[in-house]
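Undergrad: The residues making up each chain are set out below.
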Amino acid sequence: MKRNWISYPYIIWMIIFIVVPLLLVVFYSVIVVTEDGLTFTLEFYKRFMQPVYIKVLIRSIVLALISTFICLLIGYPVALILAGKGVSRKNTLILLFVIPMWMNFLLRTYAWLTLLEKNGLINTMLSWFGIKPLNLLYTSEAVVLGMVYNFLPFMVLPIYSVLSKIDKSVIEAAEDLGANSYKVFTKIIFPLSLPGVMSGITMVFMPAVTTFVISRLLGGGQFTLIGNLIDRQFTTVGDWNFGSALSVVMMILILISMAIMTRYDKDREGSALL
Amino acid sequence: MKGFLKRFYVLLIFAFLYAPIIVLIVFSFNDSKSRGNWSGFTLKWYRQLFHDQQIMSALYYTIIIAVVSSFVATVIGTAAAIGIHNMKKIKKTIVMNITYLPVMNPDIVTGISLMILFIFLKLELGFLTLLLSHITFNIPYVILSVLPKLRQLNKHMYEAALDLGATPFYAYRKVILPQIMPGVITGLLLAFTLSLDDFIISFFTTGSGVANLSIVVYSMARRGISPKINALSTLMFVSVLLLLLIVNRRTSKENNVKKGSHA
Amino acid sequence: MRNLVKIVLAIVLFSILIGTFAGCKGGNGSKDDLNANQSGNKNESKKKVVLNVYNWGDYIEETVIDGFEKKYGIKVNYEMFTTNEDMYVKIKSGAGNYDVAIPSDYMIKRMISENLLNKINFNNIPNYKYIEERFKNLAFDPNNEYSVPYMWGTVGILYNTTMVDEPVDSWNILWNKKYEKQIFMLDSQRDSLGVALKKLGYSMNTRSVEELEEAKKALLEQKPLVLAYVVDEVKDKMIAGEGALAVVWSGDAFYCISENPDLAYAIPKEGSNLWFDSMVIPVTSGHQEEAELFINYMCEPEVAFKNADYIGYATPHSEAKKMLDPEVVNDRAFYPLEEDLGNFEIFEYDAEAMKDYDRIWTEVTSE
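Protein chains in written order, with my numbering: chain A, 9 to 282; chain B, 628 to 890; chain C, 233 to 599.
Please keep in mind that the hints were generated in silico from the structure rather than gathered at the bench.
Do not rely on the hints blindly, as some may be mistaken.
The calculated EDC-like cross-link candidates involving lysine to aspartate or glutamate, where the alpha carbons are at most 16 Å apart (straight line), are [stated by the list, open to error]:
no., chain 1, residue 1, chain 2, residue 2
1, C, Lys-587, A, Asp-247
2, C, Lys-413, A, Glu-149
3, C, Lys-409, C, Glu-398
Owing to the predicted nature of the structure, the values given are computational and were not obtained by experimental measurement.
Could you put the whole structure together from the sequences, leaning on the hints where they help?
TA: This is the structure in structure tokens:
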């Protein structure tokens, strides 16, 4: 089977459309093109080190971590219940869980836009109980809510797929040996589900830390995240150099978090996507 | 009691997931633009939706791009997967790492890097650049769906076919392709839905009046609430539901057939 | 040798693929042809022309474009931008080949100084005669070579009379803690910085770094009171009663008031920004003649009237103004007289200052 050449169109394609563009980003992050030629500079990385931008980076990471943690907190029990015995029509339930994920991401975010408004449905309902309208939209909580809502299935599904593969006889053996359900969970189920938890965390954290849409639509331009900063450089300011430097920073951020995750998640293949 | 609690919790989560969508759908039939009060049933937003040229052209581009890009990505990706499968260790690792790049890279970085490339090449941003971008981010998903099937292949069958006088191409078509077909179809569907749903990469790589639905929704959402978007959501939700039901039917039927043949 | 054969094969395969795309693009073009044919196109040479028009969001009466397509058999690709800066970046980077764009005064000056605009052949714009004299030869295009006025207006405060009971006559009200989280600001650097500068009693065109820093401080101080920084959303939000005060452009205020009578518009006594949006032809345009045809069409009295009537901004078009409701034209909030414009300023362009604006606005929004 020496038919490697049929993968050559792909390799050429990926070099042109993946490798070269990324090299261009790295190029623009350190090179300024002027009339007298190219100059190497680290100015754009230095600019990023200013307190304002570091604050943006920290804000992005904190909001993403909070969302990831909330997803884990409410997602793990769901996965546990769905994977447990005695759940009828398991496949239908999982399907029901996946359907909202298939809905356009922007429409899902838009849905919250209408719900959270001062005259939106939630406030209207609150007013029936005599509660004055609250400021729900354009807050950092709204941004976190948007992230949790959009990315919750990414947490539940990997955990579910790992949990449902756990050998039931191990649990039965523990029970036979006298372990109560709390012990069974902390000593067996949770440790065995860790790979799923890790890929869940990765799959929620990454889109959350890089988003610019959720913070723009639900945050009202006040909670600038690193994604917004990049978007701004390319659409409003027109500073490709700084935008590229920010993109490189973002890639490094992702690489670091990947590295941390894979250290815990040895059984990566298979669990990453469903 | 415990069972009840469990059921209640799952119900609560499903309510959280579905309530916003249901509210969107209900309010798409609301007579006034108000988003808190119900003021009567209407279909006018649907009528307006179908008369909105911007949305209709976006729908056209979304579908065209999804069909063409998923098809091209499937062809290139399947070929690539076969090639990669037969590669030597080191080469394989390098190629697979490049394949993982667009999967792992933040969409916004993929988007702006492609935009820089197109501007660098002096390609006018528009239909072609949008299509090229979609193919690019689709191929890896096709490869990742086809490769597992290739690993399960029985090598000897291909060799047997050659021994029996089949040309390599014929053997590929008749022996290997049917066996990896489920992976190819999965890849095609995955690519198709990813293309339908994409916003960020499209946002940076399109221009000249070519926009997909996500982009139009984004620009409309930035102009405020419009019941037209609710109507659009309803239609999309219903079509997703139908599509999933059909696919589910088909796969469960297939499973039954398989089970039957084993028995 | 065998490897060479493989590489050649791969290249051939690749180019076949590229060919398929070209085919797709052709397919797309044929749809355009269809449109052109349907609209009864007689002119062979213009058959393939697609005009890319780049305008602000909600800044045209929709049937006007159809009218142009039908009349001349030229398809229009209509695209929208949210701020002058967005538009500028897109044209400057070469990301879009637009044939007609409608930026504001200072941005036109900037684009002229960076050679991003083509000169317009005014012989092809006979309808230019309808533009009032006082809108010709403005400072940003002193010899009137590059731009044809489209709309003009001011920046002011739109407020909800059911939520604000004190008189609105100063920018200071936007710093009033009473309205915490009820204020909408514009997500547009020059407009928001301009508001802060005017509040402090400085010129909107200041180049003094100290004054700009002071304005930045004021904006940061105001930030906790602001509900959101938005552009086009503001109309929908104010109509729905989501906020008490908003910085808006005059025409948007006009539209909002027509939708919700509780709203009112005021121009602060400290003065404000007077702006002009004009049609220009970017250098990327490959269809100079058709672009001029479009601009001329937009200056037809009937078309100019439709646009002015629909979007609510003040028109520089003498005939269109005559057709408008006299009550609107005589409303000094929307058609201010020269004497009302005492402490109004038109944005100027200065390359160095621009960098400061960028930096300050990024810092304000990132904080």
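Undergrad: Does Glu-398 (chain C) lie within 16 Å of Lys-409 (chain C) when you go C-alpha to C-alpha?
TA: holds (14 Å)
Undergrad: For a C-alpha distance cap of 16 Å, please report whether Lys-413 (chain C) and Glu-149 (chain A) respect it.
TA: holds (15 Å)
Undergrad: Assess, step by step, whether the Cα of Lys-587 (chain C) is no farther than 16 Å from the Cα of Asp-247 (chain A), and give holds or violated.
TA: holds (10 Å)
Hint violations for this structure: none, all hints satisfied.
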